[in-house]
Each structure stands twice: as C-alpha cells, then as structure tokens.
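There are 2 protein chains.
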Amino acid sequence: MSQQERAARTQTALIRSAAEMFDRHGYEKASLNDISSGAGVSRGALHFHFDSKAEVACAVESAAARTLRRVLDGVPSEEVCALQGLTDLTHRLVRLLLRDVVVRAGFLLSCEAGARVRTDLCQQWRTYVHGLVLRAAEEKTLAPGVSQEGVVNTVVGATVGFVVLSRADKQWLTARTVTGFWRVLLPSLADPLTMAGLEPAGTRLAHGDPRRTAP
Amino acid sequence: MSQQERAARTQTALIRSAAEMFDRHGYEKASLNDISSGAGVSRGALHFHFDSKAEVACAVESAAARTLRRVLDGVPSEEVCALQGLTDLTHRLVRLLLRDVVVRAGFLLSCEAGARVRTDLCQQWRTYVHGLVLRAAEEKTLAPGVSQEGVVNTVVGATVGFVVLSRADKQWLTARTVTGFWRVLLPSLADPLTMAGLEPAGTRLAHGDPRRTAP
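Top line first, the protein sequences correspond to chains X and Z.
Letter by letter, the first sequence follows residues 1 to 215 in UniProt numbering.
Letter by letter, the second sequence follows residues 1 to 215 in UniProt numbering.
In case anyone wonders, no lab produced these hints; they're calculated from the structure.
Be aware that one or more of the hints could be misleading.
Any copy, or any two copies together, can satisfy a pair, since identical chains are not distinguished.
Said to hold, decoys possible - Listed next, the in silico DMTMM-like pairs over lysine to aspartate or glutamate satisfying Cα-Cα at most 20 Å (straight line): (1) Lys29 <-> Asp191; (2) Lys170 <-> Glu149; (3) Lys170 <-> Asp120; (4) Lys29 <-> Glu55; (5) Lys170 <-> Asp100; (6) Lys170 <-> Glu138; (7) Lys53 <-> Glu28; (8) Lys140 <-> Glu199; (9) Lys53 <-> Glu199; (10) Lys53 <-> Asp34.
With these hints in hand, go ahead and build the complete structure from the sequences.
Rendered as structure tokens:
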C-alpha cells in the first residue's frame, strides 16, 4: 500500500469515527481524542488530516453529501411517475440514514447547526424533493389546486422531524413510519387516477432490490 | 420585596437568560458565566439556584412545559371540530415558539437531546396531537381508512422538523408554512363534508384574538 493509499484510508477511518461520536454524543461533546482513538490512530495523525473539530465535521458533511448524491441520483427512475419517485426517494433516504452513520451524522449536523455548516444536506435534500414536485406538476399528476411549496415544505419538514426524533426513539426512522406518512399524504397530493397506481410503501426500485416486490 | 420574591425573580431571570443562550449557541456551547451575566447576577447567585448546566436545562424545559400546557390547554375549544382544533393547536404552538424563547429553547433541547431530558416536550406535544386525532375519530370526521397513527406521526414529525429547520431560516416557523402544511394535509384527513368547513389558516381561537377573523 502506498503512502497516499494509507493516508486516504486513515482519513476515511477518522470521518467514520467522528460520525459515530457525533451521532452518539452530539457535536459539542465529541472529543478529538475519542475520534482519533476510535479510528485507531494517534492524535498527531488526526492533526495531519484536520486542524479542528469543525474541520472534521465539514469532512463528515461532505462525505455524507457525496453518498446522498450517489444513492439518491439513481432513484427517481423514469419508469415511475414523479409522485412515486418522491415516495421511493424518502424510503431510500430513510434506509440510507439507518444504515450509514456518516450520512446520519452529516444530516443531523446540517439540520441542527443552522448557518455553521458549509455543506447543507438539508438544502440538498430539499432540492431533490423540489425537483420531483416540479416534475409531478409538469406531468399533471398533482391534484388540482395543490400548492407545490406546501408539498415541498411538508415532505422536507416531516423527514427532518423523523430523523431528529429518531435520536430518542428509533421507531421514527422506519419503513413503517414513512409508509404511514405517504398513506396519509398521497390522497391529497395525487389526482385520483394517479393515486390508484401509487404504492406508499415504495416500489422495488426504492428498496434497491430488483427481486423484491413492494412490502 | 421579600427575600423569597427576590429569589423567585432571580430564578426566572436565570431561566430566561439560559434559554436565550441555548437558543443562540446550543446547549453545549452556552456557558454558565454567560447565563449568569445575561441575568444580571453573579456566578454565585446562579449556583444558589442550580448545581449544573444540566439542571438549568431541566428548569428551562419545566418552565417551557408549564407554558405549553397553559397556552395549549385552552385551544381545542368545544366550539370547533377536532380537526379544526388540531389545526388551531399547531398555529398556536408556532406562535408560542416564535415569541417565547423559553418554550423554543425547551422544545429544541427536548427534541434534540434524546434520553437526557426529564421533561419531554416533544412527547407532551405528541399527547396533545394524539388526543385530538382520537377525538376526530370519535366525531367520525376523519376520511374513511385514514390511519390515526399515520396522522399523529405526520403532524408531530412535520412540526418538529419546522422548529429544527427554523434555526437556520425563520421562514420555517411562520403562519404561512403551517397554513400551507394544513392546506396540503387536510383534504386527505377530513371527510368531504367536514373539509368544506375547515380553515387551514386557523380560526380566530387559534390566534387568541376574539376580534380577529381568520386571515
């Protein structure tokens, strides 16, 4: 392994360890000592990569933003209408938040910190939601009179709320909660003809498994 | 002023100052020095009332919970149906969060901290929402097939999300956002006959001004 590969590997381990500490204890309580020892490296090695905890947090957010893009970019497939795409996208986000501590820590850092952060994952998430609501309007699958702004705010507000509430109770971040949310919301959003074909639990595309049918 | 009155007044000033620091800088960054000087008292006077920052935070949450009860208990008036009561209640919550820094800080502490807190304002808020959804089911004003659990989770998730997102952008915590949310949601929840009489912007009861008609 070259020196460059070793450095990249250490940086990845530090980002993961920092995400675990932020997720467990919150940003302020996480210490640089815990972050370096969690990654199995010295405090000096940490300082070779990062000047401060704020810089580690930025790296967590950047890594989370890259993963979010990689995972979500493929979801709103052209095979499904935009409202199904939006439903699938939130299922995909929740699955990603559950299994990837870097994305979860980055998302929470970004939502809770306000202006501190450089990479705003909440804003990035809002952009995905907004894009699909626009596509639904173009497809004319929204029910008459539905406000696009209202839909975007409702979906972004609820998903951010689910993530924050899941800190105290993991039930908030499950397929069951997301499916319940869409069962409640979709009848308002979709025109009746579209509604009949929508799956609040997400299509197999949402779950990333071509063999699996919607639960 | 008796010694007891002076002590009570100092305690109230400390709780308010702590709420302002938590609201502005977050729990971890707020210092006991800033809290005492914000209240215009010495560090010694603070320690006469509170042993630690965690204890100050508990006092903020308890004070917030008392205000929440006092303001919300009167809202779901018997004059309106439960779904209008729920709409009014969220408007009232948002107005309260906007103007009362102690409630805002207490609510955010409670939502973000997970298990740390003794008084769980998010849970208290959930209880109000749950009670009104139950009443709506008893009144048979919910649309057929609507899941009570789904409605409760959607309303609690979205309101918590709005509060958290408002840290970075105050637009999330406005009557406009709440009205937009209900315009999107109510057509799914309410049976069509009830829907015709509902006001997503809240009735005058929500805004606590008997002279004011719904905006």
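How the hints compare with the structure:
1. Lys29 <-> Asp191: Answer is neither; intra-copy 48 Å and inter-copy 48 Å both fail.
2. Lys170 <-> Glu149: between (29 Å within a copy, 16 Å between copies)
3. Lys170 <-> Asp120: between (24 Å within a copy, 16 Å between copies)
4. Lys29 <-> Glu55: The answer is both: 15 Å in one copy and 17 Å across copies each meet 20 Å.
5. Lys170 <-> Asp100: This pair counts as within: shortest intra-copy Cα distance 14 Å, inter-copy 30 Å.
6. Lys170 <-> Glu138: neither (36 Å within a copy, 30 Å between copies)
7. Lys53 <-> Glu28: Close inside one copy (9 Å) and across copies (14 Å); limit 20 Å.
8. Lys140 <-> Glu199: Cα proximity of Lys140 and Glu199: one copy only (18 Å, versus 26 Å across).
9. Lys53 <-> Glu199: Classified as neither; 43 Å inside a copy, 48 Å across copies.
10. Lys53 <-> Asp34: Within. Shortest intra-copy distance 11 Å satisfies the 20 Å Cα cut-off; inter-copy 23 Å does not.
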